[in-house]
Amino acid sequence: MGTQKGPALAGLSRILGPDALLTDPAARLVYSRDSSHMTLGRPLGIALPADASTLRKVVRFCKVNELAVVTRGTGTGLSGGAVPNEGEVVLATSQLKALGPVDDQGLRVRAEAGVLNDQVSAHASSFALHFAPDPSSQSISSIGGNIAENAGGPHCLRHGVTLHHLLRLEWCDVQGRALTTGRGLACERGIDLTSLLCGSEGTLGVVTAADLKLVTDPQSVATMAAFFPDLNDATGSVVSLLRAGLMPVAVEMVDQPMLEAVEAAFGFGFPTDVAAAMILEFAGQPEEVAEDADQAGNLLMGNGAREIRRAEDAATRMELWKCRKKAFGAVGRLAPSYVTMDVVVPLGKLPDLVREIQVIKAKHGVEIATAFHAGDGNLHPGVHYDDRDSELRRAAHEAADEIIRTALAMDGSVTGEHGVGIEKLHAVPWQLDPVSLELMWDIKRVFDPEDRLNPGKALPPPGSALAVPPSVPRGCTFNWDSMTVTAEADVSLSELQAQALERGLWLPVGLAAATTQADDPMGPGLGSDRSISSVVENILFSPALVAGGSARHFLLELWAETGAGRLLHTGAPVFKNVAGYNLAQMLCGSGRVLAQPRAATFQLRPAPEKLGVWRFADLSGDGNFWEGIHSLIDRLAHRDPTLGGPVFVIDGSQEDCSASGPQGTVTVLAPGRDRSWDLGDLDKRLVEVASLAGLELLEQKRFDFRSWSHALVHLPDWALAWPDWSVSAKRIQGKIEADRGPGDLQKTSFLPQKPPSRMIWQASPALVWIPGSATENEGWCCDHCCSGGKPTQLPDPDAGVPLDLLRGMKKVFDPDGRLDNPLWLKDENHG
Amino acid sequence: MADQRQTAKSHLAELLRSCVQCGLCLPTCATWLATGNEVHSPRGRLLLLEEVLNIEDPDTNIPVAFLAAFDHCIGCRACETACPSGVPFSLLEYGQGLAGDLVVNGSPEIPQPAVPGFVLRRLDSPSVLRFLGRVAGGTRSFFAGILGRRWRSRLDHLPVGMRSLVRLVGSMPTAPETDDQLRALLDDLVKSSSVVPPQTYPEDAPVSDDSPSDVAFFQGCANNGLLSGPSRRLCELLRSAGCRVEVPQGQDCCGALAAHTGRPTRAAAQHHRNREVFNKNTGTGSRIVVEAAGCGLELKEGLGDLGSQVIDAVHLLSGLNLPVLRAVPLKVAVHDPCHARHGQGISQQPRELLSRIPGLTLVEAAEVEVCCGSGGVWGLRYPEISEQLGRRKAENLATTGADLVVTSNPGCLGQIADGLALIAPDLPILPLTDLVWYAVKPE
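Those protein sequences? They're chains Z and V, same order as listed.
Take 1 as the starting number for the first sequence in this note's numbering and just add one per residue.
Take 1 as the starting number for the second sequence in this note's numbering and just add one per residue.
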């Protein structure tokens, strides 16, 4: 420590005020611990800044005075990420509690770092919206902490982890500068600092607030518990469930010892003489949920379940979830101490790993209780012991390490959601190879050259990596049980999709085929196909019925060659992975500026079965075309977006139509399962709403989803470019006004002053593509993007984009500028 | 002696090991919510206790900051309800015990209350409370007379010392003394309520035959001294349900006040006295009815064998067949006293009881499990945190759009009344049993 204790504390006290700086022995003890049971030393003091600006001053003060800073949410981390070393400053974000108004059209809300996870959903509940990531600690864990760890939770199976719900971060770097990541659109191209910061455990910067994506509440929910006498039957059923095309929102499990602890804590009346209890939940339209739950029930009974209980009401549902969510807290009933792991394996390997754990348990003579995010392949085996017995402690840690090594041998990851912290530092070198660890450290040095931000956490020491990276895969290999695909850079997306669709799966990012059918009555086709390399570089996000995600969200593992010619392998073929920095998703969408993709592994999803297409026109000539469309879009906007929300293609405008003729047409595309409750129901509602709006149905078609490219050929090429802004349905009336995004977007002058002749609107997450108007920024919307070396809209340092950090990243990956080199990255004076 | 202490310590250490530090107790802890400081959270206090138990040398002084942290605990036991690992509250009570000297002898770490210590120590007497209540009532009427309905918020900008006094005046529990006052208040509320009165009014309901015949009524200092109207009406209610109500003479304070201010000997003496009084007057099997949730918990735990006969008044009423004669078309929010909800597991019973009243709509406030910040005399010693919590509770209750708030503990009644006076002066609060009395006794 370079600074004297007294003056340092006096300085901090001046910034914070005496009440917001804790230095008494009680506080120094309490803040030296978190939920991990680990401790390193006592902090110098604890800063509780009341607002982000004070927080930044504290960070800056600490840098100037050579003090290390450990950012802390509410101290519920399980890997010791918030535990300070002796003499460090703990920066607690618990007082940053502002929660902005809910934007129910844009499905988003701004929350400061200290807001609790549960509070976000409670805040949005009156709009029938919620924040999907739901770690078991959600009643107490903070948004800041969730972001630092990239927290998961049961419902991440369907909705994705915390990162997938971040639209924009407000953060400060080690110099205390107020920075932001992007504009807050659903998904942005560029070097994705959001992906990099999320899960970096406070080692790169301090997140002060985030724009969070909200998810619509399902109309109906079915929660059920299945009890299995045989553990293998239970784990095997998880794979069978997903492979049967059922897409539960959550599939969770607890094994017998864990079930017993939970039963002792809450007395639910569950049988404890079974090997495992599985909790699964379906959500969506009532008929869909009922059908899926019945089908799942039959499947599970056929797979060896002894009994299935369905929660008939909200109270019983809460009870079932309590069983799973409070399991962690109830382990205190099993033994005084435990080592909790957080390993992830490809879904298909789940049964193997669980079998191996039983072997390891017997071999080391230890007790293991496990809670699973089974659908994600994420396990929390807890080895329980009495820490007063050193022999037991040694056996417990040996068993834990063996479980981790076993998971890694199955292409798994050390940690899926708990983070590395200090607890898993010893195991991460078994997973990372020297090149990736070195790059991570290089990035760390760009952001925090003096290692002041949470030193000694998240990354194992430089040079410690032991793993040998897998060689670049050839061709296109599917792992059906794990629902993943690994493809070489030049594999075409249509080829990949065609094969996946044969098995009822797809990569929900883009169009399947390069169909050009000039004679198609719906218009000219696309005429281009994408390679995997292009998907990774350009983050393909088309109106092709995406569930509010993008290629970035489905990318699990990446092989790429850096500008310096080094082969980087990063990520793992698992659904959740927070071991080391998230380089794969950070690089996805960054063009060919930092590295060149060589191969990638993506997560696949059950594919929709049919595609419904409806075309409406305003034949009344009463001039209410836009009003009609507004009404149509508004009523359908909140459809469950999991399979893909409806896409509206709007043609024509008031200007180019005569008073007597049609004023335009709107085509609605919606994927579905073509059951009476699904497309049939949508069909009814569409026609009903449309007729109310004065629109008449011109034609209606139903396509087999496997040949969906045929149905989509009328989408023009520009629609495959980047959506330029999101607008709410309410604004599509007469003229378009920008409604989305932070203030700088509204100031942008390229918005059209009159209705465009053609536009595409995606119901959720409210994205709009408009041809022509996008030319000004070449179809790119990101403020730190890099499109094939062309100077695109320039990053704006005033808006909080750290040009120096981006240039630093360029130097790390491509020191000699061999790859694409946008002007703003080269020119220190530019921008 | 040393051995005994060692045994006690190892027992506590063993209990402490069941805490896995998951932190699920934090969001229900009022002091953590108010301060955002983890030292003032159950997990924080247990970490400090662990350190204290690790001290081998009995002569080692426990840091004052530790003791202050223990003393900040209101004792609401919300953490005990929240804890999945079943960590017992007795651990925190032990911590509070350690801080006892600090409280009794005063310390710069413990804020001194606006009320002098010698008065504070005599609050467990109905006559002292009656006197204080009269003074407070008069002062309150005076302020309200000259400053209007928003008198409390108008006095909110006074210097800290004065504010504490105003707060003390504002938070003294009151309820209508006479039956006519209560009827008038509720009649007015019903008239202005937006709830549509039910079409059919209840007919005479039969009185249950299986009502317990004998109950011994525990008066409690605050109820006896400040809320004699509600106490009397509660007894009437019990009689309407067929109970024979005895009020044994010679009752003492339940002991909670002394126990919570670091005077265990005094508390034990009060337990002893009450045991004698009730042993003499209560047959085996008959119940000892307690109006205030705080007293109820103290008696259940402090009266030894007799404790199992103690029953909360609302709990008892909810099991009786009461002849409800009047519809009460009001939106009502229930505030559960912590010592009912967390201490005695009573939260369904009051709702069940009220839901029997035709036309009455129950509304639930956010953070229903969080303490209102009264904590008996705790609120007098930590007036700033207490006031913050009172406002928070009042905001949560006002947000429900309720016409009326009811509760069953005098401390909560005064604390929430004070919070509501600042946040929502039009929203009244009454003892829960007064509302039931109004439905049962129309004339």
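Certain hints may be false.
[What the hints assert, rightly or not] If you want the ones that stay clear, here's a sample from chain V, every Cβ over 12 Å from chain Z, calculated:
| # | residue |
| --- | --- |
| 1 | Val20 |
| 2 | Gln21 |
| 3 | Pro27 |
| 4 | Asn37 |
| 5 | Glu38 |
| 6 | Ser41 |
| 7 | Leu67 |
| 8 | Ala82 |
| 9 | Asp179 |
| 10 | Val377 |
[What the hints assert, rightly or not] DEER-style ranges, computed between Cβ atoms:
| # | chain 1 | residue 1 | chain 2 | residue 2 | range |
| --- | --- | --- | --- | --- | --- |
| 11 | V | Met162 | Z | Ser220 | 32 to 42 Å |
| 12 | Z | Leu9 | V | Phe118 | 32 to 42 Å |
| 13 | V | Ser194 | Z | Ser220 | 44 to 54 Å |
| 14 | Z | His426 | V | Thr7 | 34 to 44 Å |
| 15 | Z | Ser220 | V | Val368 | 39 to 49 Å |
| 16 | Z | Ser13 | V | Glu364 | 37 to 47 Å |
| 17 | Z | Ala128 | V | Ser194 | 41 to 51 Å |
| 18 | V | Gln249 | Z | Ser13 | 54 to 64 Å |
| 19 | V | Ser10 | Z | Lys5 | 58 to 68 Å |
| 20 | Z | Gly17 | V | Ser153 | 23 to 33 Å |
| 21 | V | Ala366 | Z | Pro25 | 27 to 37 Å |
| 22 | Z | Gly17 | V | Ser194 | 23 to 33 Å |
Treat the hints as calculated values from the structure; they're not laboratory data.
Glycine included, every Cβ here is placed at the ideal spot set by N, Cα and C.
Verification of the supplied hints:
no., hint, verdict
1, Val20, "violated, 4 Å"
2, Gln21, "violated, 5 Å"
3, Pro27, "violated, 5 Å"
4, Asn37, "violated, 7 Å"
5, Glu38, "violated, 5 Å"
6, Ser41, "violated, 8 Å"
7, Leu67, "violated, 9 Å"
8, Ala82, "violated, 8 Å"
9, Asp179, "holds, 39 Å"
10, Val377, "holds, 23 Å"
11, Met162(V) - Ser220(Z): 32 to 42 Å, "violated, 57 Å"
12, Leu9(Z) - Phe118(V): 32 to 42 Å, "holds, 39 Å"
13, Ser194(V) - Ser220(Z): 44 to 54 Å, "violated, 31 Å"
14, His426(Z) - Thr7(V): 34 to 44 Å, "holds, 39 Å"
15, Ser220(Z) - Val368(V): 39 to 49 Å, "violated, 27 Å"
16, Ser13(Z) - Glu364(V): 37 to 47 Å, "holds, 42 Å"
17, Ala128(Z) - Ser194(V): 41 to 51 Å, "violated, 24 Å"
18, Gln249(V) - Ser13(Z): 54 to 64 Å, "holds, 59 Å"
19, Ser10(V) - Lys5(Z): 58 to 68 Å, "violated, 37 Å"
20, Gly17(Z) - Ser153(V): 23 to 33 Å, "holds, 26 Å"
21, Ala366(V) - Pro25(Z): 27 to 37 Å, "holds, 35 Å"
22, Gly17(Z) - Ser194(V): 23 to 33 Å, "violated, 45 Å"
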